[in-house]
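Let the sequences and hints guide you as you build the complete structure.
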Amino acid sequence: MSDELIHIETPFEFSESNRQEVNELIQRYPVKEAAMLPVLHVAQKQAGYITPGVMRHVAELLEVSVMKVKDVVTFYPMFFEEPVGEYVIRVCYTLPCALRDCKLVLDHLKEKLGTDIASETDLAKGTTGDGKFTILKSECLASCDVAPVMMVNDDLYKNLTPEKVDEILGGLT
Amino acid sequence: MALIKLNDLEVEVPDGINVVEAARMHGIEVPHYCYHPGLSSPANCRMCLVEPHVFFPPAGKVVPDRQLATGCTAMIRTAPPDRKLDGKFDYIVQTDSPRVKKAREDILEFLLVHHPLDCPVCDQAGECDLQDFSYRHGHDKSRYVEVKNVPPKKDLGPDVLLYSTRCIVCTRCIRFCDEVAGSGELGLIQRGSHDEIDIPRAHDGTPLQLLDNKLAGNVVDICPVGALISKDFLFKSRPWFMKKVNSVCPGCSVGCNITVEYKEDGVYRLKPRYHADINEHWMCDDGRLGYEYVNSEDRLQIPMKRENEELTATSWEDVLQLMADRLSAAEADSIVVIGSAQGTNEENYLLKKLAHDVLKTDRIGLFGRNVGEEHKFPQFTIESDKNPNTRGARDMLGAFTNGNGTAAAVIEGDKLWESLSDAKVVYLVNGSPERPLTDAERTALENVDFLIVQDIFLSDVAQLADAVLPSTTFTEKDGSFTNSAGWVQRIHKATDPPGEARVDWEIIQQVAKRLAGEFEYHFAGEIAAEIAATVPGYSEATHQQIGDGGVKLRDE
Chain D
1 MSDELIHIET PFEFSESNRQ EVNELIQRYP VKEAAMLPVL HVAQKQAGYI TPGVMRHVAE
61 LLEVSVMKVK DVVTFYPMFF EEPVGEYVIR VCYTLPCALR DCKLVLDHLK EKLGTDIASE
121 TDLAKGTTGD GKFTILKSEC LASCDVAPVM MVNDDLYKNL TPEKVDEILG GLT
Chain C
1001 MALIKLNDLE VEVPDGINVV EAARMHGIEV PHYCYHPGLS SPANCRMCLV EPHVFFPPAG
1061 KVVPDRQLAT GCTAMIRTAP PDRKLDGKFD YIVQTDSPRV KKAREDILEF LLVHHPLDCP
1121 VCDQAGECDL QDFSYRHGHD KSRYVEVKNV PPKKDLGPDV LLYSTRCIVC TRCIRFCDEV
1181 AGSGELGLIQ RGSHDEIDIP RAHDGTPLQL LDNKLAGNVV DICPVGALIS KDFLFKSRPW
1241 FMKKVNSVCP GCSVGCNITV EYKEDGVYRL KPRYHADINE HWMCDDGRLG YEYVNSEDRL
1301 QIPMKRENEE LTATSWEDVL QLMADRLSAA EADSIVVIGS AQGTNEENYL LKKLAHDVLK
1361 TDRIGLFGRN VGEEHKFPQF TIESDKNPNT RGARDMLGAF TNGNGTAAAV IEGDKLWESL
1421 SDAKVVYLVN GSPERPLTDA ERTALENVDF LIVQDIFLSD VAQLADAVLP STTFTEKDGS
1481 FTNSAGWVQR IHKATDPPGE ARVDWEIIQQ VAKRLAGEFE YHFAGEIAAE IAATVPGYSE
1541 ATHQQIGDGG VKLRDE
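Chains D and C, in that order, are what the protein sequence lines are.
Sequential numbering of the first sequence, starting at 1, is according to my numbering.
Sequential numbering of the second sequence, starting at 1001, is according to my numbering.
Worth double-checking, as some hints may not be accurate.
25 Å max Cα-Cα, derived BS3-like pairs, lysine-lysine [what the hints assert, rightly or not]:
(1) C:Lys1148 to D:Lys137
(2) C:Lys1154 to D:Lys68
(3) D:Lys68 to C:Lys1214
(4) D:Lys103 to D:Lys125
Since the hints were made in silico from the structure, they are not lab data.
Okay, structure coming up:
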């Protein structure tokens, strides 16, 4: 194996305001490594997804190996390693939502946006060509009483029907 | 010490050890994968489940605990007098109860769920814990009928391949890189049943960092299954066809204990062997992969002498006679004998004896590989002296006191080359895998009238020689090395010397005999016995006493 095979990443730096936020986050914990999740969230918000440059920078900042960051990033489905749409739609498909027909919601979304459902390892598959939407299945969103539900970025939408989905999508575009 | 009841045995074990080790001490196997005595215990494989017993007040007696415990984290400690079980035991544990046996079978069935069972083409077959424990503790069938995960094969670094399918995710390799090497290249990606060992990679799979630290090869050794494989050994031999012999790594002055694995046609691999005070369970890749020179086609196989400016092949008879003639013709104080830090104590002792008793010269030098880099890891050090026996060679070449009660000083480094200016005959023993000469060294050696070089390659020094004696590497002879910390340790003969090459001490003895020296040794152990009797500090360094564990030099 030669050195040319090593990935040369684009360097990543936090913006001035994010750097401040990250420094405050790190100080909250007894060890730097403990700030990994919130710091990665800040980084993802800034960069859009977790690039190799982000992993390297966060590793240096928290004084851990790059692999430790990669480990965390691949463990949690809320971190993306490739570009996603401007709006990430997570449709809950665990039991209560399934009983309340979340499949109808998912199928409607797929048809309406003309794309498949993304998998954790292949986000491009579920992202629209214009880079606006990404559809993901999600584990329980803790709103079983108002099933079926989905989240669009940080907002929760309840009691979904195909009509309601149209309305929500209409409000986004 | 704690008194424990281990199955039916009543035994004493040291305070503070775990059940796996306590059982091992008394010949009972508690199968385990994630636990390794040189690493921390995460207790994630669940294979070492045992059944501790506890006092149950309602019943007023000692009963099996409700839950099985992992033997690797179940620590045995001395109990206070009022907490002794059955009046005297500090700990009671069953490693072979029906409940334990059932648990082991079930765990093994789980561990094999995604395992491809590709033993016929697996490098680890024959030395695989998964095979061995399945054979001794497992089920004969699996109830899993669904599709198995097939994660990809991965290239992790210069010498390590990962067959992810075979991996049981015990994380020994990750902990090794974190704790012993301190480099942290390995980790887990994904989660649950999709967990895979990997190096950090970009999303497209190109590595951000390779597993290329100098201790990386150890992860292959500690992998209990065939997941981590050495590229150097891949498909070279089935393990059971190789013979094994205990030895010491000649790569640096640490003197890691190793096992040389070989067949008739050469050395196949080196594996570290446990020594609590020297290398623990580990060795470095410089040593591990540094054996190739032993098998090299370029090894010296026949004696040579210089004729018409050219080195030409000759017979042992001829070259030894030539040497004897030149040595006996020279004035004693114009002869310089140079020993080797690559050579054994026995060779250097005999060389010194030749110089002192037969050649009557006090001019003794020491030669060896150049100083290299030192590498420090959290739990391991590779030393900068790249010779296995610098300390021993100094001790041996500095032996033999003269009339005034002191021994002649051993000349080393630049002083040695300067001292050659008036030398007529020089007998130099090398034996290094590689030892380039500087211009100054070359000039010094070129000025010598008659240069005898005993070597394994036509090295820089051998090329300048007037007589070349083909000798042997560490796998072709018996003897002992003294490491930098003063441990005297044994190397054992594995392979045969190439061609007509001879064992170094035998060559020296032949030279001595031709000069009417009374040398009559039949094996290296005889020389070691003489060393033990005469050289200060070495009184316990007979081959019998050194054994497989080595002996530490005594202050005498």
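For each hint, the structure was consulted:
Annotation: proposed proximity of Lys1148 of chain C to Lys137 of chain D holds, straight-line Cα distance about 23 Å (limit 25 Å). Among the hinted pairs, Lys1154 of chain C with Lys68 of chain D is consistent with the structure: their alpha-carbon atoms are about 19 Å apart, no more than 25 Å. At roughly 20 Å between alpha-carbon atoms, Lys68 of chain D and Lys1214 of chain C fall within 25 Å of each other, so this suggested pair holds. For the proposed pair Lys103 of chain D and Lys125 of chain D, the alpha carbon gap of about 18 Å is at most 25 Å, so the pair holds.
Of the hints listed earlier, there is not a single one the structure fails to meet.
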